Amino acid sequence: MGKRDPLKRTAPSRAAEAILAILLPPACREEVLGDLHERYVAPAQYACEALRTAPWVILSRIRRTADPQVLLMHAFALYVAFAGAARAADRGFLGGEGGLLHLAVPVVAVLLGIVLEDAYAKPGRRAALMLSRGPAVGIAFALFVQTCFRFSWPVAAIPFRIFLDGSGMSLLLCSAIRLLFPPVANQVQGAAVPAFWLKQTGGTIGYRAILVLQSIAALVAIALTATWLSGASGVSLPRVLSILTLSGLFLLIGYQVSKRV
Amino acid sequence: MAKPDSLGQFEQLVLAAILALKEGAYGVSIHAKVQELAGPKDVSLGAVYVTLDRLEDKGLVASWLSDPTPERGGRSKRCYKIEALGERALEESAVAAKRMWDAVSQVWGKEWVKQWGRQWGKETR
Chain G
1 MGKRDPLKRT APSRAAEAIL AILLPPACRE EVLGDLHERY VAPAQYACEA
51 LRTAPWVILS RIRRTADPQV LLMHAFALYV AFAGAARAAD RGFLGGEGGL
101 LHLAVPVVAV LLGIVLEDAY AKPGRRAALM LSRGPAVGIA FALFVQTCFR
151 FSWPVAAIPF RIFLDGSGMS LLLCSAIRLL FPPVANQVQG AAVPAFWLKQ
201 TGGTIGYRAI LVLQSIAALV AIALTATWLS GASGVSLPRV LSILTLSGLF
251 LLIGYQVSKR V
Chain C
1 MAKPDSLGQF EQLVLAAILA LKEGAYGVSI HAKVQELAGP KDVSLGAVYV
51 TLDRLEDKGL VASWLSDPTP ERGGRSKRCY KIEALGERAL EESAVAAKRM
101 WDAVSQVWGK EWVKQWGRQW GKETR
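First to last, the protein sequences are chains G and C.
Residue 1 is where the first sequence starts when you use my numbering, and the numbers rise one by one after that.
Residue 1 is where the second sequence starts when you use my numbering, and the numbers rise one by one after that.
With the rest of the complex left out, here is chain G (with noise of 0.2 Å):
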């Protein structure tokens, strides 16, 4: 092998590795950042290199800390959030057209913060207060994207006051969620210990207790919908009620069938 040019940068430049450092999680910033410093050839070669590593890594760890069922649940309770607040400011938006539809966009940019606020979260136990940046970055982000909807697109952006009274809402039935299923993130980890474990055994809830809050969930859930459908529709609140509970014990029935076929 031949001598290593003096004049020649044997390592990458401390601007480069801090932006790659913000971008990638901090879970997993250390040995990224160490295994492109170590395979450094030339700055094109380190930016490229980076390009190509950092979103694979983000997506990993992205994969790693969400869980699709609390995800849902979080969905669920962000739409009837907004859906509630603009029931309650102004009935005429959800009735007029694509209203159901305009109140997805700030659902989508909640759940987004959400989900990029545990991947970038630090690993290890945090405060229970702490639980609600996620919420927070999430309305943040929301908050963003409703206002260059204002300027570019004013049609797709919900009145301010249904965003305000849903985002009070939603920060507080999301931080009650977070608190009740703490991220994975937010649980201990150790070599023997994978991610992926922790999410069956639902972290430090035990699996009685999740059964018996996925039910609260569901009753509350089927509650909120059918009086929501009761007063948009006009059709009497008992008769929604029994006709939601009989599609989700049919929807039950044809899941449990499904899993045994």
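Treat the hints with caution; some may be incorrect.
[Claimed, not checked] Think about it this way: if two alpha-carbon atoms lie no more than 20 Å apart in a straight line, the pair counts; the simulated EDC-like pairs of lysine to aspartate or glutamate are:
#1 C:81 / C:92
#2 C:81 / C:91
#3 C:114 / C:102
#4 C:81 / C:67
#5 C:22 / C:87
#6 C:41 / G:49
#7 G:122 / G:17
#8 C:81 / C:23
#9 C:81 / G:30
#10 G:122 / C:57
#11 C:58 / G:67
#12 C:98 / C:57
Since the hints were derived computationally from the structure, they do not count as laboratory data.
Here the structure is a predicted model, which means the values were calculated and not measured.
Take the given structure of chain G and dock chain C to it, following the hints.
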């Protein structure tokens, strides 16, 4: 003992690389070994990280951080070792590959196997 999940082709390569590297298995060395095993195909470092994470989640490999070293800018390596479940999964994959090879060579004949071996040798050299 728990039954290991079946492995994808890339997962097999990464597990084989960790097994071959023994104590020296970490991001850069695993990537180099996988590149060598995958032959002419280009393998990205990111794909190796994703697969390592997935294998760790499945409980097939374990990882830990080593001490920081100056050639890495004072950063630690994440070292990997194959777990018993990973060894079993790799063994099953190797047995399945051997059976497939036997079946194919039985149908296409010994002459094909020799010819294929010569061609493969040229490509990977």
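Here is what the structure says about each hint:
no.	hint	verdict
1	C:81 / C:92	holds, 18 Å
2	C:81 / C:91	holds, 16 Å
3	C:114 / C:102	holds, 13 Å
4	C:81 / C:67	holds, 16 Å
5	C:22 / C:87	holds, 12 Å
6	C:41 / G:49	holds, 17 Å
7	G:122 / G:17	holds, 19 Å
8	C:81 / C:23	holds, 7 Å
9	C:81 / G:30	holds, 19 Å
10	G:122 / C:57	holds, 18 Å
11	C:58 / G:67	holds, 15 Å
12	C:98 / C:57	violated, 27 Å
The structure shown violates just one earlier hint, number 12.
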